[in-house]
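K.L.:
Letter by letter, the chains look like this.
Protein chains: 2
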Amino acid sequence: MPQLADPPDRFAAARVARLATLRPDGTPRLVPITFAVVDGLICSAVDAVKPKRTPWLARLVDIRSDPRVGLVVDEYDEDWTHLWWARVDGRARIESPGSTSAVAALRAKYPGYRDADLDGPMIVVTPQRWTSWSAR
Amino acid sequence: MPQLADPPDRFAAARVARLATLRPDGTPRLVPITFAVVDGLICSAVDAVKPKRTPWLARLVDIRSDPRVGLVVDEYDEDWTHLWWARVDGRARIESPGSTSAVAALRAKYPGYRDADLDGPMIVVTPQRWTSWSAR
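Heads up: the protein sequence lines correspond to chains A and B, in order.
With positions in the first sequence counted from 1, the corresponding number in the numbering used here is that position plus 1.
With positions in the second sequence counted from 1, the corresponding number in the numbering used here is that position plus 1.
These are calculated hints, taken from the structure and not from any lab test.
Beta carbons are placed, not taken as given, at the ideal position from N, Cα and C, and that holds for glycine.
Accuracy of the hints is not assured; some may be wrong.
Covered stretches of chain B (in silico footprint by chain A; criterion: 3 or more residues with CB under 8 Å from a CB of chain A, positions within the stretch not fixed) [unchecked claim]:
{"id": "1", "region": "12–21"}
{"id": "2", "region": "31–45"}
{"id": "3", "region": "85–99"}
{"id": "4", "region": "121–130"}
Coverage of chain A stretches by chain B, computed from C-beta distances (three or more under 8 Å per stretch; other residues unrestricted) [claimed, not checked]:
{"id": "5", "region": "23–33"}
{"id": "6", "region": "36–47"}
{"id": "7", "region": "69–76"}
{"id": "8", "region": "85–95"}
With the rest of the complex left out, here is chain A (with noise of 0.2 Å):
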């Protein structure tokens, strides 16, 4: 099976990520999220346009519950020759607030967060293992 050279590299230069997290039942709640690498952690912040809404806490509350998460970034092209994907199983805990590293590197990459308030929680998440693959 093919793979990345680089998954970590090519996954951090991605410019969304989909998360998923295990609800108390088991089942896994798949999000899409913006997010920034950070001294080989990744971190998420928790939707600074809408906090304190409930359902867009659920993620940490499944987190709370249960660390265990995967991430998976990926490239579709109806050229399937370009098609790749990168992907991490890892540890999800919360930070609240997150680092000022993790804000600093969200603001960096995302204009959308420049200006946005970003002192609630964080999902930082230590990836324990990559797995990728490239159609090239």
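With the hints as your guide, set chain B onto chain A.
P.N.:
Relative to chain A, chain B alone:
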């Protein structure tokens, strides 16, 4: 939390979804998939390009052990007012081979499947719960 008016339609129109299955140890296994929706069922062929390579079949082993899956499609744009996602939680089963209607739908949706061998296993997901979000 603003939602899409038509999550199943928006989902069906997407070119790629991300599937989460549950590994035997209960962790979520994420992988991007192509798919077609046929009679309300989400159908995904197991890699016609490189069949019979064991790592590709991990999602089938997962589903046989636990049919609970999640899928998400999303649109990313640097203008965050354009963001949306649609998620479905459901139960998956394996059909081998897939139905002729599922094969036809995949071939109609994806040029890459037009001449591909699609007589292998097909993942068929029965949606149980739709969730969506839209920034607008």
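K.L.:
Now tell me, hint by hint, if it's right for this structure.
P.N.:
Status of the hints after comparison with the structure:
Here the region 12–21 of chain B counts 4 residues with a CB under 8 Å from a CB of chain A, which clears the bar of 3, and the coverage holds. Check on the region 31–45 of chain B: 3 of its residues sit with their Cβ under 8 Å from a Cβ of chain A, so the three-residue criterion for coverage holds. Taking a C-beta to C-beta cut-off of 8 Å, the region 85–99 of chain B contributes 3 residues in contact with chain A, enough for the three needed, and the coverage statement holds. Against chain A, the region 121–130 of chain B contributes 0 residues with a C-beta closer than 8 Å to a partner C-beta. That does not satisfy the three-residue criterion, and the hint is violated.
Evaluation of the coverage hint for the region 23–33 of chain A: fulfilled, as 8 residues show C-beta separations to chain B shorter than 8 Å, against a requirement of three. Only when three residues or more bring their CB closer than 8 Å to a CB of chain B does the claim for the region 36–47 of chain A stand; here the count is 0, and the claim is violated. Counting residues of the region 69–76 of chain A whose beta-carbon sits less than 8 Å from any beta-carbon of chain B gives 6, enough to reach three: the coverage restraint holds. Counting residues of the region 85–95 of chain A whose CB falls under 8 Å from any CB of chain B gives 3; the rule of at least 3 is met.
When the structure is compared with the earlier hints, violations turn up for hints 4 and 6 and for no others.
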